[in-house]
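Model the full assembly from the supplied sequences, consistent with the hints where possible.
Protein chains in written order, with the working numbering: chain A, 91 to 264; chain B, 2 to 46.
Quick caveat, the hints were computed from the structure, so don't treat them as lab data.
Careful: at least some of the hints might be erroneous.
[As the list claims (entries may be wrong)] So the derived label-pair ranges between C-beta atoms look like this:
hint, chain 1, residue 1, chain 2, residue 2, range
1, B, Glu24, A, Val101, 45 to 53 Å
2, A, Ala97, B, Ser36, 48 to 56 Å
3, B, Glu19, A, Asp106, 43 to 51 Å
[What the hints assert, rightly or not] Part of the chain A face toward chain B, derived, beta carbon under 8 Å:
hint, residue
4, Gln118
5, Ser125
6, Val129
7, Phe154
8, Thr182
Glycine included, each C-beta is placed from N, C-alpha and C at the ideal position.
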Amino acid sequence: MTFPVFATGDVLNASDLNAVSGWLVKTQTIGSAVSSVTVTSCFSADYDNYRIVIANVAATNADFLTFTLSGATGTSYAWGATFTQYTGTTSTTVSGGSTSARVAVMGGKFQAAIEVGSPFLSAITTFNSTSASDGYSWQGGGYNSNTTSSTGFTISPAAGTLTGGTIKVYGYRN
Amino acid sequence: MATEIKRPLVQIDDLIREMTDEELAAYEAEKANASPLSNSISDAS
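This is the structure we're talking about:
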């Protein structure tokens, strides 16, 4: 047997399984008309780096989505991004630094992916993000200078609420 | 009859509840300090 193609009844060798790049750590369904969603116990010593996929979410407002780590709180975030409105002819650059970072531009429906580096380690946490909605596309990045370990995170719309969709957290194998 | 105040909802994993006093204060403070998307677009034009 040679990965990545497996056949029914194949022996799953440790060397093959250890070559798998990522594993699903947690799935969270988003409720109705919530102003924030906190996902707990998704970062651990099992993985250093993660991918958060937020998909099929309905937002009441076309506005920014903020991201906060659970343990590393404080005015320690810095971020920057470029987003494009589909009906426009130019992109807009935004940046900031506060108690949270912005990781997406929402629309009526949107998806976002956030790559998070070292959230559980006692080190600065870096992240980059992409998103697409029915009105905007987004590419951004940032970091949190607070080196406190985090086991989870919170997303929150800058205005309005979120309904439906899922958040999936994947861990990249170390 | 007293009017029930409807607070924003927060979700923690599968638990959904209204914000506490502290959460509501922090939420409103962050919203007050944040630049809305419309400003970001107009600032760049």
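Here's how the hints hold up against the structure:
At about 51 Å, the CB distance of Glu24 of chain B to Val101 of chain A agrees with the hint of 45 to 53 Å. Distance hint for Ala97 of chain A and Ser36 of chain B: a CB-CB separation of about 55 Å, consistent with the stated range 48 to 56 Å. At roughly 49 Å, the beta-carbon separation of Glu19 of chain B and Asp106 of chain A lies within the given 43 to 51 Å, and the hint holds. For Gln118 of chain A, the shortest C-beta to C-beta distance to chain B is roughly 6 Å, which falls under 8 Å, so the interface hint holds.
Because the smallest distance between the Cβ of Ser125 of chain A and any Cβ of chain B comes to about 4 Å, under 8 Å, the interface hint for this residue holds. Here the hint on Val129 of chain A is kept, as its CB sits about 7 Å from the closest CB of chain B, short of 8 Å. The criterion of a C-beta within 8 Å of any C-beta in chain B is met by Phe154 of chain A, whose closest approach is roughly 6 Å, and the hint holds. Interface restraint check: Thr182 of chain A against chain B, minimum CB-CB distance 4 Å, threshold 8 Å, status holds.
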